[in-house]
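A.B. asks: Letter by letter, the chains look like this.
Number of protein chains: 4
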Amino acid sequence: MRILLNADIGESYGPWNMGNDELLMPVIDMANIACGGHASDPVTMSKTVRLALNHKVILGAHPSYPDRLGFGRRAMAMAPFELTAHVIAQVGALQAIAKAEGAALGYVKPHGALYNTMIKDPEVMVAVMQAVAGLESNLKLMILATTRIAEHEELASRYGLSLIKEAFADRRYCSNGELQDRKIAGSVYHEWELIQAQVKQLTQSSSVTSESGKPITIHAESLCVHGDNPESVRVAQAIKDLLQA
Amino acid sequence: MRILLNADIGESYGPWNMGNDELLMPVIDMANIACGGHASDPVTMSKTVRLALNHKVILGAHPSYPDRLGFGRRAMAMAPFELTAHVIAQVGALQAIAKAEGAALGYVKPHGALYNTMIKDPEVMVAVMQAVAGLESNLKLMILATTRIAEHEELASRYGLSLIKEAFADRRYCSNGELQDRKIAGSVYHEWELIQAQVKQLTQSSSVTSESGKPITIHAESLCVHGDNPESVRVAQAIKDLLQA
Amino acid sequence: MRILLNADIGESYGPWNMGNDELLMPVIDMANIACGGHASDPVTMSKTVRLALNHKVILGAHPSYPDRLGFGRRAMAMAPFELTAHVIAQVGALQAIAKAEGAALGYVKPHGALYNTMIKDPEVMVAVMQAVAGLESNLKLMILATTRIAEHEELASRYGLSLIKEAFADRRYCSNGELQDRKIAGSVYHEWELIQAQVKQLTQSSSVTSESGKPITIHAESLCVHGDNPESVRVAQAIKDLLQA
Amino acid sequence: MRILLNADIGESYGPWNMGNDELLMPVIDMANIACGGHASDPVTMSKTVRLALNHKVILGAHPSYPDRLGFGRRAMAMAPFELTAHVIAQVGALQAIAKAEGAALGYVKPHGALYNTMIKDPEVMVAVMQAVAGLESNLKLMILATTRIAEHEELASRYGLSLIKEAFADRRYCSNGELQDRKIAGSVYHEWELIQAQVKQLTQSSSVTSESGKPITIHAESLCVHGDNPESVRVAQAIKDLLQA
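Chains as they are written, first to last, in our numbering: chain A, 773 to 1017; chain B, 773 to 1017; chain C, 773 to 1017; chain D, 773 to 1017.
Where hints are given, some of them may not hold.
One copy or two, either will do: identical chains are not told apart, so a pair holds if it fits within one copy or between any two.
The list that follows gives simulated cross-link-like pairs (lysine-lysine, DSBU-like), each with its CA atoms no further than 30 Å apart [said to hold, decoys possible]:
hint	residue 1	residue 2
1	K955	K819
2	K986	K819
3	K892	K819
4	K819	K972
5	K912	K819
6	K828	K955
7	K828	K892
8	K828	K986
Rather than coming from a laboratory, the hints here were simulated on the basis of the structure.
Please read all numbers here as calculations on a predicted model, not as lab measurements.
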């Protein structure tokens, strides 16, 4: 099965535009659609759902800590039951918008600080899993495929959830399969050679080379690409070409 | 069939409490639960849904113009498609919260300025009907039963919707069946004699006496009661006793 | 005295960028800086104040109805005392930010729907004037110079305020000196010939030709230009060149 | 000099009421007035300033991490320059409101998580001090008087600031003069005997007995009291009586 491309989409807010959704949507397979936590609003959600449907892209919800000004990039000290309620409400809003357009969501991918925190904090992971399990329609949960992915799959199965295992083509990995902090120089690959090499290694040997120089096993089902600017859309297209080759 | 009592419920927000939900919930049959437009947040929604379920109260969504500071009491110049998207997103959030608690919503009652504006502005009425029609699960729409109720039922049927016809025990009516503006003295009844008389007239002759002194026909399926203070809860209970007598 | 150019500036919000402030700031004389009502946040305000200071641009506050999602373009039913308090708080926030950068504001220009409503509704005009009069430092108030400007100057003087009379180079005027509604075709001039002609008429004969074909007298002290895109910045520069010629 | 009483005041928000400001204001000497970070809005600020002026209470600003839903009780990962800008904007808004009422602020007391974090994190302390130093009118800064108060006074003097040293009558102290975490049982005193004893020790020997049983020196200039309910207002009055005895 081909590795699918996913991207964060629909992150405009009211009068403010963000990203290049029109350019990026034709390239990707799965759209992580902002649903009001870190970005978007009901009108933007409707528009984004329709754009995704036009391009036959799988619809995903992209919930976040409720922090628009911080764009969901700051971890928040929320009790697990609070976090669960927020994730359910955000995804529920997008589900209803999708339903009104005759469509349905396929999965949930937490955004930003929530995505990172859940991998490190088991309470947050459980709070998110309980949220997704409580939602309609057997949504899958997309998380980072680390060296603890088997443990996370076991945990998910207790909540009746399936995981979508995600990897990054343009990020340097720690030896535990987590992403090296962006603040460390060299954590984000900008050179096509590095990106290309990581994609090939992921597809051909189901592994990445971590910062220690050692390969770690990662069975990725989806790769995250970006639409911040036209150049990142070109990189996304190049990754797609590589995957289809 | 007995006329059911409905009330606005779950209007707290984060650390701020409003209303007397614990006192009012045992008295009512239908809870119009705030869903983030004028009040509430995901945690408050969860708590309110559980409280309603404990008292076997029918769950309704109470969407609003998105205006927390104005508590949804100011009409907003939104395009119909914008309003539709906001209503869908608000109700969708509450539906998901309810689903996670093993429950389902039964109806939608627009709040405040939206409730009033839709009766006067056909574009807004259609925008709301389209929203409710686009939502999951055949939700009913609760609106004010005016002298134009047949026309509204005909319109609703075009969208496949059923209406719940609402009346007020404590408000003076205009001769077209709309509520007299609160700003006019005498528009809100505080005396039990006036309230009691209006309830009796609604149940016994399906009518109210309008400000012109003439009776107008109103087949009410639900009466709106309030929980602003312990006194209004006592009035609600007295109305319930009257209906059950 | 030369007519000065003013523009709406600093309308980004958190992670969302808007406008071309870096390009526009060198062209203008007066910056209408968003202060949290329709756009901006404290960090954006700080950055914008510093950018204006670097280019020796006069600092103005650009308060709005409190409606970020609607970008202050929707009139809101607020009581006059509510509006006054909101304008004071918004401008006060920006004043403090400016003071911390060693600078001071020179004027207030209401934004969007508030700018338009105050010309039509005397209660709103008074609410805004009372706000500006209540603020520190003898701020001036920039308003549209219509055929009723003498009446507005008289009203302002009762509150101890000076007005800055504003005109538009790219908008068609009604015969009462108000701007023709944008929704009417031809209300916004995109052709340089029309813009150039209106600037010349304003500078050479202190008048514009209204939609009725008749000239109306307007003694403009400032012209509004835009930075929505690089083209509008070029138009602003061309107007500046024309004024300096 | 008598120790003054301060309290958090003006924490309502739009339609939501909080606290018992009418009861508490006559009892206190200094009002920490919410200014939009964790609570309040421009109308509430105006009303609260007027209430404080009626009771001749010293006006203080009570800025917070910008987190209304969390009521400013969650520390936020903000860069120091971001925090500085937010504190300036919040206090500036209240200063302008006060000025319009013919009054001026005397001091700033950070709220909730910000109050606690600044004592532990020197970067946050400096960010707050820079904010207060950048504001108009030589505002004082109220902070917790711990065993490191001399160090904090030295730091404040570098920014030209005076501190107001605060103590708590109803909280158990750690041996470093910080407050014991509320989550630990016994951290908050509800018994009048304990509160009374701590007030007497603060006034008579400028010390409190910490959880280790040893006294620590605290020269308090102000004591924090509360208005959550009528009972806490009675405790505040009893403390005042004790101080005046």
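A.B. asks: Work down the list of hints and note, for each, if the structure agrees.
C.D. replies: Status of each hint after checking the structure:
1. K955 / K819: between (34 Å within a copy, 23 Å between copies)
2. K986 / K819: Neither: 44 Å inside a chain and 44 Å across chains, both beyond 30 Å.
3. K892 / K819: between (34 Å within a copy, 28 Å between copies)
4. K819 / K972: Close neither inside one copy (35 Å) nor across copies (43 Å); limit 30 Å.
5. K912 / K819: So K912 and K819 pass the 30 Å test inside a copy (23 Å) and across (26 Å) alike.
6. K828 / K955: The answer is neither: 36 Å in one copy and 35 Å across copies each exceed 30 Å.
7. K828 / K892: neither (34 Å within a copy, 40 Å between copies)
8. K828 / K986: Answer is neither; intra-copy 38 Å and inter-copy 56 Å both fail.
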